[in-house]
Structures are given as structure tokens and as C-alpha cells.
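2 protein chains.
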Amino acid sequence: MGVTRTRKTGFATEVARTARWGRALAHPARVAILTLLAERRTCVCGEIVDDLPLAQSTVSQHLRVLGEEGLIRGQVEGTRSCYCIDADRVRAMMTDLNRLGASLERKAARGC
Amino acid sequence: MGVTRTRKTGFATEVARTARWGRALAHPARVAILTLLAERRTCVCGEIVDDLPLAQSTVSQHLRVLGEEGLIRGQVEGTRSCYCIDADRVRAMMTDLNRLGASLERKAARGC
DNA sequence: TCTATTTATCGTATATAGCCGATAAACGAT
DNA sequence: ATCGTTTATCGGCTATATACGATAAATAGA
Chain G
26 MGVTRTRKTG FATEVARTAR WGRALAHPAR VAILTLLAER RTCVCGEIVD DLPLAQSTVS
86 QHLRVLGEEG LIRGQVEGTR SCYCIDADRV RAMMTDLNRL GASLERKAAR GC
Chain E
26 MGVTRTRKTG FATEVARTAR WGRALAHPAR VAILTLLAER RTCVCGEIVD DLPLAQSTVS
86 QHLRVLGEEG LIRGQVEGTR SCYCIDADRV RAMMTDLNRL GASLERKAAR GC
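Protein sequences, first through last, are from chains G and E.
Going by the numbering used here, 40 is the number at position 15 of the first sequence; the sequence numbering is gapless.
Going by the numbering used here, 63 is the number at position 38 of the second sequence; the sequence numbering is gapless.
It is worth saying that the hints were derived from the structure and are not from the lab.
Remember, it's a predicted structure, so these values are computed and weren't measured experimentally.
Glycine included, each C-beta is placed from N, C-alpha and C at the ideal position.
Hints are not guaranteed to be accurate.
[What the hints assert, rightly or not] Some chain E residues near chain G, calculated using beta-carbon distances under 10 Å:
#1 R42
#2 R66
#3 R89
#4 R116
Make a model of the complete structure from these sequences and hints.
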């Protein structure tokens, strides 16, 4: 023991940050939630639950993950929670992803 | 038994496809591999192993994941394996991710 | 042939993710 | 105060992801 088995460390911060965006998008439920939120501009938790083939508690967890990455914001309205997309964070994410994508496309295959 | 517990299904195909891209990028090692491959244009497996704080077998697994999504291609050269980025697939990925990003940014927060 | 090198895969262990039902917490309405 | 509604969190379980060492497979070179 004493040995770290999971290595989240040892990577450049930009690389790690990009991977976190990846994680946020790594489940179809989360992509679906973002898409739904975009379509409706804003949305109460229950509407999201109705739209997904998942239990309410599961949806709540996915909402939390998206919230932890800042991609969505929630605000309590009485007994309900209203969620919406945080455009600034989405832009930040796309900036990172596009930076990666651009560098990959620019210097693509050659002798392989 | 007989009950499906993991639900990969019940989501629109485009949503699922985007989530798969997310998964591919969801680990810093994989982002690091792509970045390294871009820097060097092409790269032998051993060089990647040397560049990452992970065991050879673990790196090999990450290479496989990236290969399964088509983001990289490998070709055997003697005892070595030479990997490179598949620019077409990267473009396809960025198209999907940007389509998502654009729709999220366009219809962003309003009353939340 | 024998050896060294390189890489993929196997076996196994652990950590994380994901799922659900149940419950708690907060609020509105009566 | 009580009840119903809504949502977050807890507990427990299963599945997947991640990690490593060991081994297999393939090849280059002596």
C-alpha cells in the first residue's frame, strides 16, 4: 500500500482540463441533457427526467456532474430546480476542444 | 435478471455518437497520446510509453481505445508499431463536437 | 537457432461510474 | 400543522474503466 494506483497526475494541466471536458460529455445522458437545455433555453429538473429513459435520481447525478464542470447552472424556484446552460463555460470548453482539434488536424498523418 | 441495468440505449444516435467522442477524450492519457502524436507527426509505441507515467500495457490499452474510435491508426513495422493520427476521423469528431457546441452557445441561458 | 527487443493481450485487482429505490429536505398549498 | 410535490442525497449493487505484471507473439539480429 502507499502506492498510488490511479494516476490523475503526471499530465499537463491543459491536457487534464481537456480530458475533464471529455468526461463531462462522455455519457449520452449528459449530452442529451445539454441538448435538451439548449432546445428549451431553460428547463425544470422534472422535464429532463421525463425526457430521459432514466430514474430521477440518476438524472440528478448527471446534472450534478454537468454542474461540477460548470456547464450548467441551477437555481431553486420553490420546490423545483431550474437548469440552464452556462454559455461562458460552454465557450471555454469549445475553445479547449478546438485547440486540441486544430493541433491534431494541422499536424496529421504523414508516413503512416 | 433479464433487466438491463446499463442503458446505452434510448438516446438519439447523434447524441450517442457525440458521447463516444467524449469517452475517447475522457482520460488525460489519451489526450496526451493524441497531442504527442500531433507533435511528432508519427510515433512508435515505445516513445509514447516513455512519454507517459504509465506502464506499457496500460498505454497499449489507451492506444486501443483511441484506435477503436478511429482517431489513430497503427501499422506494424518489424517488431514495432507506428501510430499516427487519422485526420479524417479527427475532423469528423470536431464536426460533431462543434455542432453540439454551436447549438449550446447559440441558445444559451436566458431566464436562469 | 538462439537471444534480445518490442508490443499486444491476458489475468487480476481496484477504483470509478452508473443505476435504482428509498429517504430526506425544502417548499407550496390547504 | 399536515399533505403533496419536487429534487437532492444516501445506500447498495453492478458494470466499466484503469492499472499493473506476466506472458505471448512477432521480428530483428547474431
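Here is how each hint holds up against the structure:
Hint on R42/E holds. Least Cβ distance to chain G is approximately 9 Å, under the 10 Å limit. Annotation: R66/E was flagged as interfacial toward chain G, and the flag holds, the nearest CB pair being 5 Å apart, inside 10 Å. The beta carbon of R89/E is not positioned within 10 Å of any beta carbon in chain G (closest approach about 17 Å), and the interface hint is therefore violated. Because the beta carbon of R116/E sits about 6 Å from the nearest beta carbon in chain G, less than 10 Å, this interface hint is met.
The earlier numbered hint that this structure contradicts is number 3, and it is the only one.
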